[in-house]
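First to last, the sequence lines map onto chains A and B.
Take the first sequence: its letter number 66 is residue 66 in the working numbering, and every next letter is one higher.
Take the second sequence: its letter number 17 is residue 17 in the working numbering, and every next letter is one higher.
These aren't lab readings, by the way, just hints derived from the structure by calculation.
Being a predicted model, the structure only gives us computed values, none of them experimental.
Every residue gets a Cβ at the ideal spot worked out from N, C-alpha and C, and that includes glycine.
It is possible that some hints are incorrect.
A partial selection of chain B residues facing chain A, derived with a Cβ cut-off under 7 Å [stated by the list, open to error]:
{"id": "1", "residue": "Ala42"}
{"id": "2", "residue": "Val58"}
{"id": "3", "residue": "Pro151"}
{"id": "4", "residue": "Asn192"}
{"id": "5", "residue": "Ile196"}
{"id": "6", "residue": "Gln233"}
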Amino acid sequence: MVAMNELSAVHGSDASQRRLKKRRAAEMRLKAYGIAAIFLAGAALVTLMWSVVGNARYALSESYITLPIELSAEELGVDPSDPSTLRGGSYERLVRDEVRERFDYVEGRTLRRELSDLYSAAAAFDLRDMVIADPDLIGQTIDVRMLASDVTDLYLKGEFGTLRTPDTDADLDFTFDEEDSVAIEASAPIFEDILRDVQRDLVQLSNRREREAGRQEAGRVEFERRAEAAETEEERTRNLEEAQRRADARDALLAEVEDLRARADDPEGFEELTENNESVLIQVNGGWLKATAVSASTATAEILVPLADRNLAGADYTLYVQPVPAIARPISDEKIVWIEELRGDGAVEQVFNWRLFSAGDSRDPERAGIWGAVVGSFWTMIVTFVLAFPVGTLAAIYLEEFAPKNRFTDFVEVNINNLAAVPSIVFGLLGLAVFLGFFGVPRSAPIAGGIVLALMTLPTIIIASRAAIRAVPPSIRDAALGLGASKLQTSFHHVLPLAMPGILTGTIIGMAQALGETAPLILIGMVAFIVDIPGGITDPATVLPVQVFRWSDFPERAFEARTAAAICVLLIFLVLMNALAVFLRKRFERRW
Amino acid sequence: MKITSIIALATAGLVAAAAANAQSREQIQIVGSSTVFPFSTAVAERFGNTTDFQTPIVESTGSGGGIRLFCSGVGVEHPDITNASRRMKGSELETCMENGVTEVTEAKIGYDGIVVANDRSAPVYNVTRAQLYQALAAQGDLPTMWNEIDPSLPAVEIEIFGPPPSSGTRDAFEELVMEEGCEEAGVADCENAAEIRDDGVYVDAGENDNLIVSRLEANPQALGIFGFSFLDQNSDAIQGAVVDGVEPTFDAIASAEYPVARSLYFYIKNAHVGVIPGMQEFADMFMSEEMIGEDGQLIDIGLIPLPEEEFLDVQSQVNNLTALQSGDL
Numbered sequence: 001m002v003a004m005n006e007l008s009a010v011h012g013s014d015a016s017q018r019r020l021k022k023r024r025a026a027e028m029r030l031k032a033y034g035i036a037a038i039f040l041a042g043a044a045l046v047t048l049m050w051s052v053v054g055n056a057r058y059a060l061s062e063s064y065i066t067l068p069i070e071l072s073a074e075e076l077g078v079d080p081s082d083p084s085t086l087r088g089g090s091y092e093r094l095v096r097d098e099v100r101e102r103f104d105y106v107e108g109r110t111l112r113r114e115l116s117d118l119y120s121a122a123a124a125f126d127l128r129d130m131v132i133a134d135p136d137l138i139g140q141t142i143d144v145r146m147l148a149s150d151v152t153d154l155y156l157k158g159e160f161g162t163l164r165t166p167d168t169d170a171d172l173d174f175t176f177d178e179e180d181s182v183a184i185e186a187s188a189p190i191f192e193d194i195l196r197d198v199q200r201d202l203v204q205l206s207n208r209r210e211r212e213a214g215r216q217e218a219g220r221v222e223f224e225r226r227a228e229a230a231e232t233e234e235e236r237t238r239n240l241e242e243a244q245r246r247a248d249a250r251d252a253l254l255a256e257v258e259d260l261r262a263r264a265d266d267p268e269g270f271e272e273l274t275e276n277n278e279s280v281l282i283q284v285n286g287g288w289l290k291a292t293a294v295s296a297s298t299a300t301a302e303i304l305v306p307l308a309d310r311n312l313a314g315a316d317y318t319l320y321v322q323p324v325p326a327i328a329r330p331i332s333d334e335k336i337v338w339i340e341e342l343r344g345d346g347a348v349e350q351v352f353n354w355r356l357f358s359a360g361d362s363r364d365p366e367r368a369g370i371w372g373a374v375v376g377s378f379w380t381m382i383v384t385f386v387l388a389f390p391v392g393t394l395a396a397i398y399l400e401e402f403a404p405k406n407r408f409t410d411f412v413e414v415n416i417n418n419l420a421a422v423p424s425i426v427f428g429l430l431g432l433a434v435f436l437g438f439f440g441v442p443r444s445a446p447i448a449g450g451i452v453l454a455l456m457t458l459p460t461i462i463i464a465s466r467a468a469i470r471a472v473p474p475s476i477r478d479a480a481l482g483l484g485a486s487k488l489q490t491s492f493h494h495v496l497p498l499a500m501p502g503i504l505t506g507t508i509i510g511m512a513q514a515l516g517e518t519a520p521l522i523l524i525g526m527v528a529f530i531v532d533i534p535g536g537i538t539d540p541a542t543v544l545p546v547q548v549f550r551w552s553d554f555p556e557r558a559f560e561a562r563t564a565a566a567i568c569v570l571l572i573f574l575v576l577m578n579a580l581a582v583f584l585r586k587r588f589e590r591r592w
Numbered sequence: 001m002k003i004t005s006i007i008a009l010a011t012a013g014l015v016a017a018a019a020a021n022a023q024s025r026e027q028i029q030i031v032g033s034s035t036v037f038p039f040s041t042a043v044a045e046r047f048g049n050t051t052d053f054q055t056p057i058v059e060s061t062g063s064g065g066g067i068r069l070f071c072s073g074v075g076v077e078h079p080d081i082t083n084a085s086r087r088m089k090g091s092e093l094e095t096c097m098e099n100g101v102t103e104v105t106e107a108k109i110g111y112d113g114i115v116v117a118n119d120r121s122a123p124v125y126n127v128t129r130a131q132l133y134q135a136l137a138a139q140g141d142l143p144t145m146w147n148e149i150d151p152s153l154p155a156v157e158i159e160i161f162g163p164p165p166s167s168g169t170r171d172a173f174e175e176l177v178m179e180e181g182c183e184e185a186g187v188a189d190c191e192n193a194a195e196i197r198d199d200g201v202y203v204d205a206g207e208n209d210n211l212i213v214s215r216l217e218a219n220p221q222a223l224g225i226f227g228f229s230f231l232d233q234n235s236d237a238i239q240g241a242v243v244d245g246v247e248p249t250f251d252a253i254a255s256a257e258y259p260v261a262r263s264l265y266f267y268i269k270n271a272h273v274g275v276i277p278g279m280q281e282f283a284d285m286f287m288s289e290e291m292i293g294e295d296g297q298l299i300d301i302g303l304i305p306l307p308e309e310e311f312l313d314v315q316s317q318v319n320n321l322t323a324l325q326s327g328d329l
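Take the sequences, apply the hints, and build the full model.
In structure tokens:
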């Protein structure tokens with residue numbers, strides 16, 4: 001530094017000082033840009049990871065409902081002494097009946113169906129597998145852990161709002177008018193907040209209606225204008241009729257607006273709760289009530305769960321508010337109450353979701369797993385490696401060590417470089433036409449996917465391998481040749497082992513790229529819905545990225561979390577493969 | 001690294017590929033419509049779970065693509081069943097027959113409504129098919145604002161996200177809304193009524209309906225075109241427009257009151273029954289009361305059931321494998 005300063009003093013004219021300052025400023029700016037760029041890239045990565053991992057954590061646990069079930073051989077329709085009948089038992093009916101028995105107050109077809117949607121279809125299959133594994137269970141009453149349905153599970157995880165208890169303190173007076181209806185009178189205005197919410201909605205609705213009335217008015221004006229401008233009598237009448245219709249619609253809307261406003265302004269109002277409002281639930285004497293209409297201090301309610309005792313003088317109650325309106329959640333108030341009942345019994349538990357990692361695909365989100373796709377990816381990668389690695393390496397050795405330098409090899413080289421940049425879907429089309437269409441390779445199989453991905457990876461491997469071979473110093477070859485080795489011996493005994501780390505790195509990076517590929521596989525049928533775990537390269541299979549693509553298309557909300565979880569697994573695989581490449585390079589790298 | 005062993009492995013792989021060609025197939029292969037896909041997979045999974053047969057493989061290729069694969073020939077390398085969100089065309093059946101697929105059984109499984117939906121924060125649209133036609137037709141005035149079509153519609157720009165031309169939903173929309181709407185609007189020449197304008201008012205949003213839902217959430221002024229099951233599952237985010245005065249509800253579609261509903265089908269290759277194990281059993285399970293009947297499982301995931309009488313008709317047709325005649329279409 002000192003020397004620099006002395007030199008600067010020699011060249012210390014004002015002009016050079018200014019130039020120097022400018023140069024340093026430019027350097028500082030470049031540094032700043034660099035840091036900003038890194039920061040931006042990092043922020044993008046963090047955002048991505050945040051959203052994916054944030055979503056995926058919902059998929060990491062699953063919910064179970066435990067109910068005691070009596071496994072009677074008669075009801076199952078199986079013969080305990082004959083194992084072959086065990087599989088065909090009517091486990092689903094048994095489970096359904098037991099759940100209905102637990103909630104014996106539930107009546108009506110719709111509600112009973114909803115009851116069956118508390119648990120997953122997997123519950124019966126799990127029970128079946130349990131019985132097949134241990135036929136002695138038949139005849140016993142056992143606690144069966146039943147997998148909860150996707151909606152139940154999401155509710156338990158708080159996706160559809162959690163019940164909250166408003167901070168109120170008032171005595172309630174219950175009067176049972178009819179069979180299913182209860183009038184509630186409170187000593188304090190505890191329903192005030194809810195009433196205010198309902199009235200706020202009324203104001204919004206009235207504003208909307210007013211705007212609609214305005215549009216109808218615009219329509220009336222327009223049609224009247226058209227009637228005046230009409231050339232034939234017929235056209236005039238038609239437009240006048242149309243104008244009259246708009247005028248009527250406008251008047252009806254305005255009347256509605258007035259009515260809505262009056263209701264919204266009335267502090268003594270008594271308003272019905274609709275699907276658009278928060279739900280108000282009251283738990284009392286072992287039963288559950290749901291408010292159907294409220295005023296500030298009174299309410300009417302219907303009975304969702306029968307009360308143990310209708311004498312409610314001075315009974316303790318708990319008031320719950322479900323903040324998400326019924327219309328905005330796929331779970332009814334009844335079902336929420338059932339789940340809360342089960343939760344109160346301690347029959348609900350959440351455990352780590354091993355199923356996600358051990359099951360194949362399923363149409364039911366709670367049952368779906370990625371193991372099938374992982375195994376499919378594994379077989380596909382095996383095929384890709386077995387085809388692409390030897391072919392790519394041999395091509396590279398030939399091109400580097402043996403091929404004469406002429407127009408033909410130049411042509412080949414240009415083509416290889418171009419192929420590396422061809423969009424992957426083109427390889428899919430090629431695979432579809434040649435391998436599936438001409439050679440009759442089975443659809444949806446890892447062999448077909450592997451061949452296509454191998455073609456796609458080949459140029460990457462060849463280019464990387466050639467670079468690695470070229471990096472082996474000529475002195476190694478000269479020494480080997482000088483000691484009498486043949487060209488073949490030189491290449492395979494000396495050059496190739498030294499180039500191997502580079503070749504492997506290139507191969508692994510090419511394979512990682514192939515692992516994340518979706519587009520070409522869509523064309524050859526690897527997007528199919530496949531439940532069974534593939535056992536070989538000709539079995540139908542799907543791969544991880546395709547699984548992600550497919551799950552993202554399902555309407556069920558619970559698949560969102562599973563999609564994110566599958567993405568995480570895929571990312572972990574990619575990171576591991578790249579880490580392996582780094583490790584191999586570090587381990588075997590040799591510096592000259 | 002033993003290069004020779006790797007080469008041997010690679011050769012073995014290729015030989016296996018060639019050998020696979022000659023293998024027979026244990027599981028049923030199903031292709032076709034992405035609309036029927038969720039229903040088909042649900043049955044397939046159940047079939048694998050409750051019978052001794054393997055779970056069928058279901059692939060979503062779109063109705064047209066599915067029928068093309070299905071009709072390409074008889075033999076294990078061709079699919080056994082194709083799903084379709086529209087009826088097979090006469091020309092397609094002809095192609096089938098030319099390729100040796102002479103006996104095809106048609107199975108109608110139920111209905112699906114096509115809804116026009118927007119974001120929940122915006123007002124509900126109340127439109128007629130004639131208005132939808134005017135908004136989307138490639139011929140005619142090409143309006144840019146809704147209130148240009150009818151002054152009592154809101155003064156916002158027309159923007160509609162919908163499926164691409166390859167989709168069965170698009171076919172059905174063109175037939176049920178565009179062509180009917182043209183008639184309703186009293187346009188003199190409805191020859192090319194199905195043609196949808198391509199000046200950016202109709203946005204081709206791809207086959208992924210979840211994507212359309214999130215685009216509607218981001219843009220409350222826009223409308224989207226979906227199958228009913230998507231509205232059903234996403235009712236917290238979007239709401240269906242009233243079409244011709246009818247709200248798109250389950251009951252309105254089932255009773256045929258809602259005007260935009262189409263039938264869903266699957267087609268069976270009769271020549272494969274008895275060759276591929278479980279074909280007849282699968283078809284029977286699909287057509288059973290507990291799947292597509294009034295209370296069936298598929299109804300829970302958005303299928304709209306056939307009327308009782310038609311259901312029994314179709315069921316017996318499938319049980320007997322009554323082959324389609326070219327005159328039927």
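Tested hints:
1. Hint status for B/Ala42: holds, given a least beta-carbon distance of 5 Å to chain A, under 7 Å.
2. For the restraint placing B/Val58 at the interface with chain A, the shortest Cβ-Cβ distance is roughly 4 Å, inside the 7 Å limit, so the hint holds.
3. With a least beta-carbon distance of about 4 Å to chain A, the hint placing B/Pro151 at the interface is held under the 7 Å criterion.
4. Here the hint on B/Asn192 is broken, as its CB sits about 27 Å from the closest CB of chain A, past 7 Å.
5. A hinted interface residue such as B/Ile196 counts as satisfied when its beta carbon comes closer than 7 Å to some beta carbon of chain A; here the least separation is about 23 Å, so the hint is violated.
6. Interface restraint check for B/Gln233: the shortest CB-CB distance to chain A comes to about 4 Å, inside 7 Å, so the restraint holds.
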